[in-house]
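Engineer: Those protein sequence lines, which keep their order, are chains B and R.
At position 21 of the first sequence (counting the first as 1) the number is 21 in the working numbering, and the numbers step up by one without a gap.
At position 64 of the second sequence (counting the first as 1) the number is 64 in the working numbering, and the numbers step up by one without a gap.
Hints may be right or wrong, so weigh each one.
Claimed, not checked - Quick look at which bits of chain R chain B covers, simulated, 3 or more residues with Cβ under 8 Å:
1) 3–17
2) 66–74
As the list claims (entries may be wrong) - Using 20 Å as the maximum straight-line C-alpha spacing, the simulated EDC-like pairs for lysine to aspartate or glutamate come out as follows:
3) R/LYS10 / B/GLU77
4) R/LYS79 / B/GLU109
5) B/LYS101 / B/GLU37
6) R/LYS77 / R/GLU103
7) B/LYS101 / B/ASP55
8) B/LYS101 / R/GLU67
9) B/LYS144 / B/ASP55
10) R/LYS109 / R/ASP20
11) R/LYS23 / B/GLU81
12) B/LYS144 / B/GLU49
13) R/LYS14 / R/GLU86
14) R/LYS46 / R/GLU98
15) R/LYS79 / R/GLU44
16) R/LYS4 / R/GLU55
17) R/LYS46 / B/GLU37
18) R/LYS77 / B/GLU109
19) B/LYS101 / R/GLU103
20) R/LYS4 / R/GLU98
21) B/LYS144 / R/GLU55
22) B/LYS99 / R/ASP39
23) B/LYS45 / R/GLU103
24) R/LYS52 / B/GLU109
25) R/LYS83 / B/GLU81
26) R/LYS83 / B/ASP88
27) B/LYS144 / B/ASP88
28) R/LYS83 / B/GLU46
29) R/LYS77 / B/GLU46
30) R/LYS109 / R/ASP13
31) R/LYS23 / B/GLU77
32) R/LYS52 / B/GLU81
33) R/LYS83 / B/ASP55
I should point out that these hints are in silico values taken from the structure, not numbers from a laboratory.
We put the beta carbon where it would ideally sit given N, CA and C, even for glycine.
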Amino acid sequence: MMQRRNFIKTSLLLSAVALFNPERYQHRLLGFEEAIELTYQQVLKEFCEGRTAVDGSLLISLTIPTQPGSSVTIPVEVSVESPMNEEDYIRSIAILTTKNKVNKAVIVEYTPANGIAYLFANIKLSQTQDVVVLAKTNKGVIYKASKKILVAINGCD
Amino acid sequence: MARKRRAAIKILDKNYAVGDVVKVQIIIIHPMETGFAKDKHSGEAKPRFYVKEIEIFYNNTQVTRFELDVSASQNPKIKFPLKITEAGMLKVRFINSEDEVTEKTTKVKPK
Numbered sequence: 001m002m003q004r005r006n007f008i009k010t011s012l013l014l015s016a017v018a019l020f021n022p023e024r025y026q027h028r029l030l031g032f033e034e035a036i037e038l039t040y041q042q043v044l045k046e047f048c049e050g051r052t053a054v055d056g057s058l059l060i061s062l063t064i065p066t067q068p069g070s071s072v073t074i075p076v077e078v079s080v081e082s083p084m085n086e087e088d089y090i091r092s093i094a095i096l097t098t099k100n101k102v103n104k105a106v107i108v109e110y111t112p113a114n115g116i117a118y119l120f121a122n123i124k125l126s127q128t129q130d131v132v133v134l135a136k137t138n139k140g141v142i143y144k145a146s147k148k149i150l151v152a153i154n155g156c157d
Numbered sequence: 001m002a003r004k005r006r007a008a009i010k011i012l013d014k015n016y017a018v019g020d021v022v023k024v025q026i027i028i029i030h031p032m033e034t035g036f037a038k039d040k041h042s043g044e045a046k047p048r049f050y051v052k053e054i055e056i057f058y059n060n061t062q063v064t065r066f067e068l069d070v071s072a073s074q075n076p077k078i079k080f081p082l083k084i085t086e087a088g089m090l091k092v093r094f095i096n097s098e099d100e101v102t103e104k105t106t107k108v109k110p111k
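One chain only, chain B, in its complex shape (with noise of 0.2 Å):
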């Protein structure tokens, strides 16, 4: 009578642990997986540093494909009109996406060594939305343009 108490008690203990697992839930206890949405106004707040964008559509010249067959791989090409001198040059290219769940794609850091204001890059949108892209000089004059994109399929699960 009692092995057969201790027997189902050990079971059930058994079973609770293996339930509980540890290792099962280690990578969302340590924070791995944390999926963090990152809205279009963060994270331009966060690029803007207080400032606000100037509009630039007359300076950056945007290249995209306003309907891509796949939206998983849209190429985006941004160059930007500057002489990048000592003086004057872009210090920082962003491209933003507006309705994405992260709304960051792909920010760079440029210095006079580059020589021109040039960028390309594959980004993936999620529905039909305007790319944006910033353009901040090293006086902090940000420049602002955007394009309207047509996405048939989700590219962002």
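Given chain B, work out where chain R should sit, using these hints.
Structural biologist: The following block gives chain R in isolation, referenced to the frame of chain B:
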């Protein structure tokens, strides 16, 4: 648990001299898991796993730094300009979200 990853750095222009601006292409074969997607079979969320940072060194001085996030496509391919000042080495260093480092170099030989 350092895994060897396929990566490359390449100067796209063929004939260049000192003073020219060339375009350099970098690519790494790497997944970009957002952390929101679920596995089709087990139903568990796939952990967030992406390339976090890319640094470019031209003769041991850092010229460019990239900050990536999960909205960049998988196997990120980037082209950037560089002004050639002297012969030497161009080095790229990829750092992913688990602090795994992949380094590649190429020679700079202006004519």
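Engineer: So, for every hint listed, does it hold in this structure?
Structural biologist: Structure-based check of all given hints:
1. 3–17: violated (count 0)
2. 66–74: Contact hint for the stretch 66–74 of chain R vs chain B: holds, 9 residues under 8 Å.
3. R/LYS10 / B/GLU77: Status holds; Cα separation ~18 Å.
4. R/LYS79 / B/GLU109: Holds: R/LYS79 and B/GLU109 sit about 13 Å apart, inside 20 Å.
5. B/LYS101 / B/GLU37: holds, 5 Å
6. R/LYS77 / R/GLU103: This hinted pair holds, its Cα atoms lying about 15 Å apart.
7. B/LYS101 / B/ASP55: violated, 25 Å
8. B/LYS101 / R/GLU67: holds, 17 Å
9. B/LYS144 / B/ASP55: Distance ~5 Å between B/LYS144 and B/ASP55 Cα, so the pair holds.
10. R/LYS109 / R/ASP20: holds, 12 Å
11. R/LYS23 / B/GLU81: Holds, at about 16 Å.
12. B/LYS144 / B/GLU49: Holds, because 15 Å separates the two Cα atoms, which is no more than 20 Å.
13. R/LYS14 / R/GLU86: holds, 16 Å
14. R/LYS46 / R/GLU98: holds, 15 Å
15. R/LYS79 / R/GLU44: violated, 35 Å
16. R/LYS4 / R/GLU55: Judged against 20 Å, a Cα distance of about 18 Å means the pair holds.
17. R/LYS46 / B/GLU37: holds, 15 Å
18. R/LYS77 / B/GLU109: Holds. R/LYS77 to B/GLU109 sits at ~17 Å (cutoff 20 Å).
19. B/LYS101 / R/GLU103: violated, 30 Å
20. R/LYS4 / R/GLU98: Status holds; Cα separation ~14 Å.
21. B/LYS144 / R/GLU55: violated, 25 Å
22. B/LYS99 / R/ASP39: The given pair, whose Cα atoms are some 23 Å apart, is violated under the 20 Å limit.
23. B/LYS45 / R/GLU103: violated, 33 Å
24. R/LYS52 / B/GLU109: Roughly 14 Å between the alpha carbons, so the hint for R/LYS52 and B/GLU109 holds.
25. R/LYS83 / B/GLU81: Since the Cα atoms of R/LYS83 and B/GLU81 sit roughly 16 Å apart, the hinted pair holds (cutoff 20 Å).
26. R/LYS83 / B/ASP88: The given pair, whose Cα atoms are some 16 Å apart, holds under the 20 Å limit.
27. B/LYS144 / B/ASP88: Cα-Cα ~18 Å, so holds.
28. R/LYS83 / B/GLU46: Between R/LYS83 and B/GLU46 the Cα gap is close to 29 Å, so the pair fails against 20 Å, i.e. violated.
29. R/LYS77 / B/GLU46: Status violated; Cα separation ~25 Å.
30. R/LYS109 / R/ASP13: holds, 11 Å
31. R/LYS23 / B/GLU77: At roughly 13 Å apart (the allowed maximum being 20 Å), B/GLU77 and R/LYS23 satisfy the hint.
32. R/LYS52 / B/GLU81: Violated, at roughly 28 Å.
33. R/LYS83 / B/ASP55: The hint is violated at about 28 Å.
When each numbered hint is compared with the structure, violations occur for hints 1, 7, 15, 19, 21, 22, 23, 28, 29, 32 and 33.
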